[in-house]
Amino acid sequence: MRIRLALLTLATAAVSAVPASATAATTQVCAVHLVNVAAGTPTSCSTKGPGPLGNRDVAVRRTMTVEVLAGAVDATLTCGTEVRSLHVSGPVPQFASAWDSACTVALVAAEPNTTAVATSTFSFVITLE
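With the numbering used here, letter number 82 in the sequence shown gets 82, and the count goes up by one each step, no holes.
The hints are simulated quantities; they were obtained by calculation from the structure and are not laboratory data.
Derived DEER-like restraints, expressed as beta-carbon distance ranges:
#: 1; residue 1: 112; residue 2: 80; range: 27 to 37 angstroms
#: 2; residue 1: 38; residue 2: 59; range: 35 to 45 angstroms
#: 3; residue 1: 49; residue 2: 95; range: 18 to 28 angstroms
#: 4; residue 1: 126; residue 2: 102; range: 15 to 25 angstroms
#: 5; residue 1: 42; residue 2: 126; range: 32 to 42 angstroms
#: 6; residue 1: 35; residue 2: 92; range: 15 to 25 angstroms
#: 7; residue 1: 113; residue 2: 86; range: 11 to 21 angstroms
#: 8; residue 1: 57; residue 2: 92; range: 28 to 38 angstroms
#: 9; residue 1: 39; residue 2: 93; range: 20 to 30 angstroms
#: 10; residue 1: 58; residue 2: 111; range: 34 to 44 angstroms
#: 11; residue 1: 112; residue 2: 49; range: 31 to 41 angstroms
#: 12; residue 1: 61; residue 2: 113; range: 25 to 35 angstroms
Don't be surprised by glycine CBs; every beta carbon is placed ideally from N, CA and C.
Modelling step: build the complete structure from the supplied sequences, incorporating the hints.
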């Protein structure tokens, strides 16, 4: 439990000024959290980038990681026309991925007193010419 709490603290430290109902600014990575909230409470963040590197094209793989410490959440990763949805109700992290650089991660508490965190990170493939 200490490790999970440390992960939650680490992930939420980057967005601690963002309330559960707010949308964070668009960045290359993002994290959102819900802390002891009522069912139906939403939160989201958006990502964009990285873009082309010089004259090379970049294919971006966006990965959403969701972990629930209490309650349950419905999580959605939306990248262009690709939508990946998860229902997470346990302490084991769940993952979803899609190919795109501009994505939105959304969490909605599915039960009362939900505490959860979601992060959006990326990896990429560079095309060499």
